[in-house]
Amino acid sequence: MERIADLTLKRDLTYAKKGIGHSLISGITWGMDAVLLAYIMTQYPFNDPGVSIIVAPLVGACIHTGLSALFTLIYNIYSGKLKEFTRCLFSKMGVLIILSAICSGPLAMSGYLLGINMAGSSYAAVITSTYPAIGAVLAVIFLKEKMNPRVWAGVILCVLGAVITGYVAPSGNVSPNFYLGIILSIVAAVGWGLEGVFGAYAMDVVDPEIAISVRQSASFIMYLIFVLPFIGGFGMFFKAFTAPSIIIFAITGVICGVSYITWYLGLSMTGVGRAMALNITYSIWAIIFDGILHGFHFSTNLIIGCLIIVFGAILVSGNPKEMLSLRKVEA
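Residue 270 in the numbering used here is what sits at position 269 of the sequence shown, and the numbering runs on without skipping anything.
If you're looking for bench data, these hints aren't it; they were derived computationally from the structure.
C-beta atoms are modelled at their ideal positions from N, C-alpha and C, and glycine is treated no differently.
Just to be clear, a hint being listed does not mean it is correct.
Cβ pair distances, simulated, as ranges [claimed, not checked]:
(1) 142 x 243: 44 to 52 Å
(2) 144 x 320: 45 to 53 Å
(3) 149 x 242: 43 to 51 Å
(4) 75 x 296: 14 to 22 Å
(5) 181 x 251: 27 to 35 Å
Make the full structure from the sequences, and use the hints.
Here it is, written out as structure tokens:
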């Protein structure tokens, strides 16, 4: 019996370690995604000076969402899950996922791209990494959940880190809309927090890979129907597919899809606390990749704010001591 118990524990620990690997990959790829999106926004047709600063990021968000939806759909077809996708799309759980897609797509992703375009990828990534704290507060408001002192401390640290990050604009060639970019990044964090509130139950019931595909597909359709027509974005949308930058855009779509898939695999394999703690390191990875691409010239407040937010988000996600104990696989 002891031999069987030891083998079971070893299997569970191996499973949890794989989940940690997936969660870390999700953070790395999301940080890389932010930097690549910032680069794309400087390329044709998104750098057209005659176009509103609002239009280019929203069109970019639409294309980014559509390409990642395509990748996740292809992934599910390859995995033999196409029937599950169509069944989920027209189910009650599908409606709940679509509701969360409104929060994650037209609200969060739009705010994120606008934040990246106006404040820079590093600042947008750091500010949006407060989403676990915002989600916890929203859960108290909408779901009547209770927060213990550790979670409250994490929320306060996230707020403090966000204030430190956005209080002082970086020196040098700074966008005149830097502070608006910070505000829109906060909007993105609120959107992802709301997504967590609305989509948490559905994600427990539906296969995560199917849920991601439905989420991204629904978000893309909403962009096409409710966003692009009102901003006059279809011209730029079609131009983007004939521009050389579409190759990089396609790569970001794959990277985004990989980030989502590994994120949800991590959630199921190693627990919410560890998965979220590793996923939110994307703000650190964004700074690293941004530094590799443009040189390491970051303000002190960005670095300090980033570290405070990451630590605060870890406190919100779970007990750090329990996260370090792999024997508590479900922690």
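Here's how the hints hold up against the structure:
1. 142 x 243: 44 to 52 Å: Given about 46 Å between the Cβ atoms, the range holds.
2. 144 x 320: 45 to 53 Å: Violated, since residue 144 and residue 320 (Cβ atoms, about 21 Å apart) do not stay within the stated range.
3. 149 x 242: 43 to 51 Å: Holds: the Cβ-Cβ distance is about 49 Å, inside 43 to 51 Å.
4. 75 x 296: 14 to 22 Å: violated, 36 Å
5. 181 x 251: 27 to 35 Å: holds, 29 Å
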